[in-house]
Each structure stands twice: as C-alpha cells, then as structure tokens.
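Please model the complete structure; the sequences and the hints are all you need to start from.
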Amino acid sequence: MKRLVVGAHYGLRDWLAQRITAAIMAVYTVVMAVVLLNNSFTYNSWKALFAQGWMRVATLLFAASLAWHAWVGVRDILMDYIKPDGLRLTLQVGTLLLLAVYVGWTIQILWRGASRSANSMRWSSAPAAPACARHWSSRVRI
Amino acid sequence: MASASAKKIRPKYLSLPALLFEIRLPVPGWVSIFHRISGAWLFFPFAAWLLYLLDTSLQSEQGFQYVKTHYLTLPLVKLGMLAFIWAYCHHFCAGIRFLFLDLDKGVDLRTARITSWIVILAGLALTAIFGARLW
Chain Z
12 MKRLVVGAHY
22 GLRDWLAQRI
32 TAAIMAVYTV
42 VMAVVLLNNS
52 FTYNSWKALF
62 AQGWMRVATL
72 LFAASLAWHA
82 WVGVRDILMD
92 YIKPDGLRLT
102 LQVGTLLLLA
112 VYVGWTIQIL
122 WRGASRSANS
132 MRWSSAPAAP
142 ACARHWSSRV
152 RI
Chain F
1102 MASASAKKIR
1112 PKYLSLPALL
1122 FEIRLPVPGW
1132 VSIFHRISGA
1142 WLFFPFAAWL
1152 LYLLDTSLQS
1162 EQGFQYVKTH
1172 YLTLPLVKLG
1182 MLAFIWAYCH
1192 HFCAGIRFLF
1202 LDLDKGVDLR
1212 TARITSWIVI
1222 LAGLALTAIF
1232 GARLW
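Chains as they are written, first to last, in my numbering: chain Z, 12 to 153; chain F, 1102 to 1236.
Hints listed in this document are in silico derivations from the structure and should not be mistaken for laboratory results.
Note that the Cβ used here is the ideal one computed from N, Cα and C, for glycine as well.
Among the clues, some could well be false.
Calculated cross-link-like contacts (lysine to any residue; reagent style SDA-like; alpha-carbon spacing at most 25 Å) [said to hold, decoys possible]: (1) Z:K94 - F:P1146; (2) F:K1206 - F:V1128; (3) F:K1179 - F:F1165; (4) Z:K94 - F:L1121; (5) F:K1206 - Z:I35; (6) F:K1169 - Z:I35; (7) Z:K94 - Z:H20.
Here are the simulated distance ranges between beta carbons [stated by the list, open to error]: (8) Z:V41 - F:W1218: 19 to 25 Å; (9) F:L1154 - Z:G105: 18 to 24 Å; (10) F:K1206 - Z:S56: 37 to 43 Å; (11) F:K1169 - Z:H20: 45 to 51 Å; (12) F:Q1166 - Z:V112: 23 to 29 Å; (13) Z:M43 - F:I1134: 40 to 46 Å; (14) Z:Q119 - F:G1181: 45 to 51 Å; (15) Z:V114 - F:K1169: 22 to 28 Å; (16) F:I1230 - Z:V112: 27 to 33 Å.
Structure follows, in structure tokens:
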C-alpha cells in the first residue's frame, strides 16, 4: 500500500538546493578572496574587475544562489520562531520580495555600464567612454 | 484526566532567563546557533548594505572615492564591517562543517567538538585577517 504520510514533499529538494547553492557560493567566495587580496582598490581596477564578462556572470550566479539559499534558511528560521500564521506568512512574503530586490539590484549594478562598454568595443574607443572601458576594449582587441 | 494533565504548557524550560542562565550549550551547539544568527544577519541587513556599497563604488569615480576615503573610515562603519566579516567567515566555516556532517564525516562526539572549536577559531582568525585590511 502506497501512502503519503506527511508534508508537501519539498523538504528534500530544498535541503539539497541549499547545499548545492552553498557549494557554488563557497567556490565564488574563495575566488573572490584571492581576487580581492590582489586588487589595488583604485576606481579603475575596481571597475575593470566587474567589467569582465566572467565576473559579471559569476556574481549573478552568486546572487541567484544566495537568494535560493537564504530563502530556505530564513523560511526555516521563521517556521521555528514565528508562531502566528498571519505574521509568519507576511514575513515570508517580505523575505521573498527582499530577495527579488537583491537579485534585481545586482543585475542593475553589474550591467549598468555594459552597453557603453560593448559600444566602445565595437566602435573602437570613443573619447567619451570611461577609462576602464577603453582599457578593457583595448585588451580584448589585442 | 490523564490527557488533560499531559497538555501542560510546553516547552517547559525555554524562558528567556533559562535560555540565558540555565541552558548550557555544548560547543557544537554554539557553532550551530551562531550559524543561524550570522545567516540571519547576512540576509538582512548585510546583503543590502553590501549591495549599496557595490552600487556606490561602481557608479562613479566620486562614489568610489567617497566609499574608500570617507565612508569606510567612519568608526561605526568599520565596526559594522567587522561584524559583517565575522558573520560571513563564521557562516562559511560552519557551513563547510555541516556539509561534512551531512556526509557522515566527523559525527562522533570527540571529532565534532574538535571541528567546532576549529570553526569558531577559524572564523575569528579570518575576521582578523580581512579586518586588518580594513584598517
């Protein structure tokens, strides 16, 4: 006899997702720690770091992983400590909204200058392009 | 009657004074609760704070200089940064320990206590290393 005894059966999936996203973020963290310890922290070096394609994609992957990871974690905390159903639901919705804002904000930060960089790469270096974009495009062209 | 007496208020000992003065957590317990506390902090406010810093520092040269030469030199901001660095490092180290526990590695009491101490000390040591770069 097959019986479903308890729950909505998202437990294992969420548990696994939290661990996989943790591993992704751990790798990004180690790479980032090495990169940051070797960065000179000038505006140009800082901007150039986040102008690289792999860095943008890796950072977005990190943000997406964080959102999923934090959703499972914060939901567990809320389920443990917030007993009134209405309040807990409100806080859970608030958590989801905040995480969505984080991801959206990350995309906005990372790709804000992307169209300009891409233009300067295509049209060689226009004088108006920021120094880092010129630097980047010159490196890519060589 | 028996069922009525079984419905006493539970849990019995989780009052605030009991939490603070009576219940003594073993070291792995501290690692666990700090993992939870640091995780909550990282979700809010630290993630929002870091995005603000990333946003400002990448927006313009002035924004970058403001963050580097003014904002991050304020004592309260430095203290907050230190708290962030500790939360991140502890959460990172404790998380890796939990991944090993999930694989049934290091679950006996002796090893679990040793790795708990390693996690706590490594979190503090990493905080010192990255915090030192802030000053």
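Hints versus structure:
no. : hint                         : result
1   : Z:K94 - F:P1146              : holds (23 Å)
2   : F:K1206 - F:V1128            : holds (17 Å)
3   : F:K1179 - F:F1165            : holds (17 Å)
4   : Z:K94 - F:L1121              : holds (21 Å)
5   : F:K1206 - Z:I35              : holds (21 Å)
6   : F:K1169 - Z:I35              : violated (29 Å)
7   : Z:K94 - Z:H20                : holds (21 Å)
8   : Z:V41 - F:W1218: 19 to 25 Å  : holds (22 Å)
9   : F:L1154 - Z:G105: 18 to 24 Å : holds (23 Å)
10  : F:K1206 - Z:S56: 37 to 43 Å  : holds (40 Å)
11  : F:K1169 - Z:H20: 45 to 51 Å  : holds (49 Å)
12  : F:Q1166 - Z:V112: 23 to 29 Å : holds (27 Å)
13  : Z:M43 - F:I1134: 40 to 46 Å  : violated (27 Å)
14  : Z:Q119 - F:G1181: 45 to 51 Å : violated (24 Å)
15  : Z:V114 - F:K1169: 22 to 28 Å : holds (26 Å)
16  : F:I1230 - Z:V112: 27 to 33 Å : holds (31 Å)
When the structure is compared with the earlier hints, violations turn up for hints 6, 13, 14 and for no others.
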